[in-house]
Amino acid sequence: MSQAPKDIDALIDLMARLPGLGPRSARRAVLHLIKKRGQLLSPLADAMTTVGATARECLNCGNIGTSDICDICASEKRSIGQICVVEDVADLWAMERAGVFKGRYHVLGGTLSALDDIGPDELRIPKLRDRVTTEGVTEVILALGATIDGQTTAHYIADELQGVQVTSLAQGVPVGGELDYLDDGTITAALNARKSV
Amino acid sequence: MIEWRDEGALLKVRKHGENSAIIEVFTQSHGRAAGVVRGGTSRKIAPMLQPGAQLDVTWKARLEEHLGAFTIEPIRSRAAQVMSDRLALAGLNAVTSILTHVLPEREDHRALYHRTVQLLDLLGQGEVWPLAYLQWELVLLEDLGFGLDLSACAVTGRNDDLIYVSPRTGRAVGRHAAGDWADKLLPLPHVLLGQGSADVADILAALKTTGHFLNNHLVPSLGDRALPEARARLLERIAKEG
Numbered sequence: 001m002s003q004a005p006k007d008i009d010a011l012i013d014l015m016a017r018l019p020g021l022g023p024r025s026a027r028r029a030v031l032h033l034i035k036k037r038g039q040l041l042s043p044l045a046d047a048m049t050t051v052g053a054t055a056r057e058c059l060n061c062g063n064i065g066t067s068d069i070c071d072i073c074a075s076e077k078r079s080i081g082q083i084c085v086v087e088d089v090a091d092l093w094a095m096e097r098a099g100v101f102k103g104r105y106h107v108l109g110g111t112l113s114a115l116d117d118i119g120p121d122e123l124r125i126p127k128l129r130d131r132v133t134t135e136g137v138t139e140v141i142l143a144l145g146a147t148i149d150g151q152t153t154a155h156y157i158a159d160e161l162q163g164v165q166v167t168s169l170a171q172g173v174p175v176g177g178e179l180d181y182l183d184d185g186t187i188t189a190a191l192n193a194r195k196s197v
Numbered sequence: 198m199i200e201w202r203d204e205g206a207l208l209k210v211r212k213h214g215e216n217s218a219i220i221e222v223f224t225q226s227h228g229r230a231a232g233v234v235r236g237g238t239s240r241k242i243a244p245m246l247q248p249g250a251q252l253d254v255t256w257k258a259r260l261e262e263h264l265g266a267f268t269i270e271p272i273r274s275r276a277a278q279v280m281s282d283r284l285a286l287a288g289l290n291a292v293t294s295i296l297t298h299v300l301p302e303r304e305d306h307r308a309l310y311h312r313t314v315q316l317l318d319l320l321g322q323g324e325v326w327p328l329a330y331l332q333w334e335l336v337l338l339e340d341l342g343f344g345l346d347l348s349a350c351a352v353t354g355r356n357d358d359l360i361y362v363s364p365r366t367g368r369a370v371g372r373h374a375a376g377d378w379a380d381k382l383l384p385l386p387h388v389l390l391g392q393g394s395a396d397v398a399d400i401l402a403a404l405k406t407t408g409h410f411l412n413n414h415l416v417p418s419l420g421d422r423a424l425p426e427a428r429a430r431l432l433e434r435i436a437k438e439g
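From first to last, the protein sequence lines stand for chains A and B. Residues in the first sequence are numbered from 1 upward in steps of one, following the numbering used here. Residues in the second sequence are numbered from 198 upward in steps of one, following the numbering used here.
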């Protein structure tokens, strides 16, 4: 049982619900925040209040932003011909970190799953269909996981989107990877997707 | 501590907490078994936990009725072979979701297990797979107590000109014995008798008949949940690629 005052205990309980934190690490984090009240606790509280009030899902692509239309959708520098379809916002951020894709995104909010009975209507697939017809899209890039559910979703979307080029990310040897350490599935996928040098 | 080791095909994975996964495996001797895989969502283990993967599993629990924990060793992955093949993916989804839905937990279904492994190993061979899948559904019905008896006419006992199946008993009925009941009987495509060319139309007709027994006999015996949509999607895919 915690010896902290009630308010601090409540904060520890809330922190312990965050991914990567348990009760013990939450207690350490809260103690650290209290010790660094000026530099960390107050700015963190302010930032959380601001994000809590402004963060929302982009009505167009499903990205998280601070307005109804996110910065990426609103940017004129972004190509309108390409849409990259990702499973969730974390994947969008990963693509943005790489900094090579200059088009726009579409966040599905999950993948089709036969086992969990997640069908197309539970995802943002109808909205993607609308965007392809109304935004002058020429290519849809499917950046979905190399998993059974990810690829089932990719094939479903490819079947749904007629009259537009649908491509998907390659699968194979990662940069810096050595064959000896790769699993059989990755080696098979890499061999199937081999190209002329 | 209770412990057993077995081999099986992975049916289902779901996240459990931050780092673990709960998996369901169709094992050779212990049937459908569930357990926790610690670190199952890690970069090292998650790629092994794709539905259809053949695994060597060790299950441990303090008491028999506990969920228990698995330690796993991959034997072979089937994911890479099916990912670029729509029919294979639809097939894998159908097989794993049906088994998850209909198999009782911890009950030995060895004959069905062996047919399932054979079927999964054929994934990607589009020309033979639909027929293999049909035969697998027949074994599934048989193994779970709803098998069809197509050896002779239920009315006359003759084994020629069998063209119907009774929707109630699953027994074959001959052309002449059907009489006024013909429009109430299910068709018995030749492929179900191991005859004919086994073309796609014949296989789909046969799957409609087996589907009747899955939907109206097997599934109601398990509760209210309908058969997974994945089967309907597989049938659509077979028809498209026909």
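By construction, these hints were calculated from the structure, which means they are not laboratory data. Just to be clear, a hint being listed does not mean it is correct.
[Unchecked claim] Heads up, incomplete: computed chain A residues facing chain B, CB under 10 Å, no partners named:
| # | residue |
| --- | --- |
| 1 | Gly-22 |
| 2 | Gly-119 |
| 3 | Gln-151 |
| 4 | Asp-159 |
| 5 | Gln-171 |
| 6 | Asp-184 |
| 7 | Thr-186 |
| 8 | Ile-187 |
| 9 | Ala-189 |
Note that CB positions come from ideal geometry on N, CA and C, so glycine has one too.
Going through the hints against the structure:
At about 9 Å, the closest approach between the beta carbon of A:Gly-22 and any beta carbon in chain B falls short of 10 Å, and the interface hint on this residue holds. With a least beta-carbon distance of about 7 Å to chain B, the hint placing A:Gly-119 at the interface is held under the 10 Å criterion. Satisfaction of the interface hint for A:Gln-151 is found here, the shortest Cβ-Cβ separation to chain B being roughly 4 Å, below the 10 Å cut-off. Interface hint status for A:Asp-159: upheld, as the beta-carbon distance to the closest one in chain B is roughly 8 Å, under 10 Å.
Hint status for A:Gln-171: holds, given a least beta-carbon distance of 7 Å to chain B, under 10 Å. The beta carbon of A:Asp-184 comes within 6 Å of a beta carbon in chain B, closer than 10 Å, and the hint placing it at the interface holds. Using the Cβ-Cβ criterion of 10 Å, the hint placing A:Thr-186 at the interface with chain B is satisfied: the shortest such distance is roughly 7 Å. Below 10 Å, beta-carbon pairs count as interface contacts, and A:Ile-187 has one with chain B at about 8 Å; its hint therefore holds.
The interface hint given for A:Ala-189 holds, since its Cβ lies 5 Å from the closest Cβ of chain B, which is under the 10 Å cut-off.
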